[in-house]
Amino acid sequence: MVTRCSAERSLLGESEMEEMKYADFQFLRSAIWSLSGISLSDSKRQLVQSRLRSRLQVLGLEDFSAYRSLLQRLPPGHPEWQEFTNSLTTNKTDWFREPSHFDFLLSEFVPRWRRLTRTDHLKVWSAACSTGEEAYTLSMVLERAKRRREIGSYEIVATDIDTEVLKRAVKGIYLKSALNQIPVEYHSQAFATGTGEISHLIKVRPSFKQTVTFHHFNLTETPAPWSGEFDIVFCRNVFIYFSKEVIAKVVASLFRAAARDAVLLIGHSESLQGASKWRYLRPSIYTKGGMF
Amino acid sequence: MKGIIQMKNRSLNTKVFFVLGILASAAVAISYVGLNKMSGINDSLNQIVGVVAKRVLLAKNMDADKNELKNQEKVLILEDTQEGMQKIAGKLDGIAKRVEQTIADYKQLANDEGKKNADELARVIAQWRSVDEELRRLSFAGKSKEATALARGRARELMETFDSVLSGIVERNEKALQDEAARTDVEYTRARNMVLAVSILSILAGLLSAFFIMRAVGKAIDQVISSLRDNANQVTSAAQQIAASSEQLSQAATEQASSLEETSSSVEEMNSMIKKNSDNAAKAAEISCSSQQSASKGKEVVGEMLKAIGEINESNNQISEIVKVIAEIENKTKVINDIVFKTQLLSFNASVEAARAGAHGKGFAVVAEEVGKLAQLSGNAAREISDMLATSVQKVNGLVTTANEKVKVGTEVAQQCGTVLEDIVEGVTTLNRMASEIANASQEQAKGIEEVTRAMTQLDQVTQENAATSEESASAAEELSAQAVSLKGVVQVLIQTIKGGDENQQQQNTAAVASDHGARVSGPAVAKTHAKVLHIKNANSRKNSAGSGAHSNQSKLPEPLKKAVGGDYSSGNGVDTTSEDDPRFKDV
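Protein chains in written order, with the working numbering: chain G, 1 to 292; chain W, 1 to 588.
If you are wondering where the hints come from, they were derived from the structure by calculation, not from laboratory data. Each residue gets a CB set at the ideal place from its N, CA and C atoms; glycine is no exception. The reader is advised that the hints may include incorrect statements.
As the list claims (entries may be wrong) - Coverage of chain W stretches by chain G, computed from C-beta distances (three or more under 8 angstroms per stretch; other residues unrestricted):
1. 268-278
2. 455-469
Stated by the list, open to error - Simulated pairs of lysine to any residue, SDA-like, Cα-Cα distance not exceeding 20 angstroms:
3. Lys-244/G / Asp-279/W
4. Lys-176/G / Asp-581/W
5. Lys-586/W / Leu-179/G
6. Lys-276/W / His-268/G
7. Lys-275/W / Ser-41/G
8. Lys-275/W / Ser-271/G
9. Lys-244/G / Thr-263/W
10. Lys-586/W / Glu-197/G
11. Lys-586/W / Ala-178/G
12. Lys-244/G / Ser-266/W
13. Lys-176/G / Asp-582/W
14. Lys-37/W / Ala-181/W
15. Lys-276/W / Tyr-280/G
16. Lys-586/W / Arg-205/G
17. Lys-586/W / His-187/G
18. Lys-276/W / Ser-284/G
All chains should be built: construct the whole structure from the sequences, respecting the hints.
Structure, rendered in structure tokens:
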């Protein structure tokens, strides 16, 4: 009886959730902006609140004001800043997301690239890779191209600002239900399936994993440590979180990192908003050189 | 038995009180019997200690005092100083009084026979006192021989009588003591037997009722325990299921929230693009509108030009008229030529006539010559005019022909211009209409997407809230699950308390049950172990990739991820808690 009462009380207590004060929201918003370039409008207060509540629980803090004053005391580079960033990033990704991009790569980009460049080593950057689905999708697609001798070799560099999702990406373990998003011809080739208690899980095979290197990298940190290297740059559904100024800065950084005839693929709802050296090719696809 | 069957419906308290009641009444019975018998024994003891033994004691005291009296008497006789005699006499008085008092005491305790004895003793002592008076007198008088004789005679006799009475008393009372002791023995044996009998009976009754009641209670408790255990197991597994599904729900909600946040951001982006489109379309409409006006003006100008060309045509016609006039002038010039010819003829005639007239006609001849010359000049002039006119007509006709041709071409061009401009106007009008339509559509779209954005924002907020709530309910479910496991532990302890048994065995059972259902409860520990594995594994793979040396500028790059920032994360679906080296991953 006593237990039930206390349980009810605690449930009630938790449902009366601590509201975030506007001043706290302002602080947290400017903090995430300067850490990651993510712009949050006033309407994202609820989002910030719900995403940071778990931090309050972990740290045993009363409210967001306490969290704010904690952050204010922390030196830059303190692990909590990373936790804070991890909490506020949106980690939406899918297998074969926006498939027209992969069709474009195989049927249009690769043949031209092969004709026009001397090397046959293709280097791809999955910028903002989240939990790794995009990078492994690229791995699957390019492996197919390699087997058809359309390319000689390839490597994928995948980066994200969120260390938590990178942890998962490195492990390469996913729910089996993800196979619904993946063309069936890749299933047995690219994945090992769990048995027994973990029969709901799949794992990316080591041969595919080897082609992907994951790095922790903040896109707004410029200059990026790559220069003229990547033939293909995937930076999809990232700019939707950035302001015009940050987009311009990141796009310029991607331009520097890209090879001469590189292509840049961005999200279908995004645009580079003019003012960049990238040349528009078609919706959501831009090119650096004169290949097209 | 009937009572016990009826007891079945009573509360445990009543049952326990019933057993306790039986035991208590047995105790009361035992106590009653015991006390009763003990009071008898006590009476006997009182009789022995308080009366008989005291009598014996008093008798012994009297005996001792009697001996003392005898001794002091001897000492008195042997004493030769008066002082010593006085002192001893005093002692004798004291002892004699004590004996008298003892006799009086004894009389109080004594029975009828004893009272007689006491009186006897009192009488003997009184007689002895008178003898003693005599003896003292003799002693004080120094007649020790007489005194000795009296002491050995009369006094000894009295003392012997005293002794015999006293022995009688002692003998009788010792017998009485033995009688009392025998009676106490009997009383004790009886009491013991009764207490034993009552005790055995009540223990039997207590055991019997306790047996039946405990059997009834035990059955009920067994049922309670078994259903409690079943319920605890069910609650635990249900709680764990709730925890698992809450975790899934929470995960799904979090994923949904992420999806929605991304969609929401995309829609916002689209919103801004559509706004831009709308602005551009509006600008295009404006520009096309002004183009339309320009084209219309152009058309007007072409119209005016056509009019002007028409006028030029008109002028050409007029020039043709002038040609006609010039032809007429030429005709008229021919008349002048005729007149000149006739005038020349006339002047020739006049000069002929003047020559005929001679001198009188001389002046006339000059006139005629002058007229002839004039006619000649007029003729020349008329010829020249005629020539000029002919050339003019020719030229004008050429001009008119060319002008007509040019006008024709000009008109055609102007007409084409007009058509083109008309087309342009038409095109620009269409363009304008379309641009306006685009602008309107974009505006509507902008409004629409604003609605969508608003809806998305709301949806986003609700979803974020749901995600948070479901996360909290997941942790509550986790808590519930832990509580259920601890409840099971408590039940186990209860069972152990009630049923007894090996503690380790019980604990093992609990652990086995817990691990059946509670794989997730031990999650964090598992997660930590796996985190370690992950760390090591990634360190290895990094070494390998460095060994293969894929790229020259590797040192410049951020270090490939080997270990992310700490923090316990665990999701219910096992994605985070399962190691990549898990042997259960099989190639299919």
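Structure-based check of each hint:
no.: 1; hint: 268-278; result: holds (count 4)
no.: 2; hint: 455-469; result: holds (count 8)
no.: 3; hint: Lys-244/G / Asp-279/W; result: holds, 18 angstroms
no.: 4; hint: Lys-176/G / Asp-581/W; result: holds, 17 angstroms
no.: 5; hint: Lys-586/W / Leu-179/G; result: holds, 16 angstroms
no.: 6; hint: Lys-276/W / His-268/G; result: holds, 17 angstroms
no.: 7; hint: Lys-275/W / Ser-41/G; result: holds, 18 angstroms
no.: 8; hint: Lys-275/W / Ser-271/G; result: holds, 13 angstroms
no.: 9; hint: Lys-244/G / Thr-263/W; result: holds, 19 angstroms
no.: 10; hint: Lys-586/W / Glu-197/G; result: holds, 13 angstroms
no.: 11; hint: Lys-586/W / Ala-178/G; result: holds, 17 angstroms
no.: 12; hint: Lys-244/G / Ser-266/W; result: holds, 14 angstroms
no.: 13; hint: Lys-176/G / Asp-582/W; result: holds, 15 angstroms
no.: 14; hint: Lys-37/W / Ala-181/W; result: holds, 14 angstroms
no.: 15; hint: Lys-276/W / Tyr-280/G; result: holds, 17 angstroms
no.: 16; hint: Lys-586/W / Arg-205/G; result: holds, 10 angstroms
no.: 17; hint: Lys-586/W / His-187/G; result: holds, 13 angstroms
no.: 18; hint: Lys-276/W / Ser-284/G; result: holds, 17 angstroms
Comparing the model with each earlier hint shows no violations; every hint is respected.
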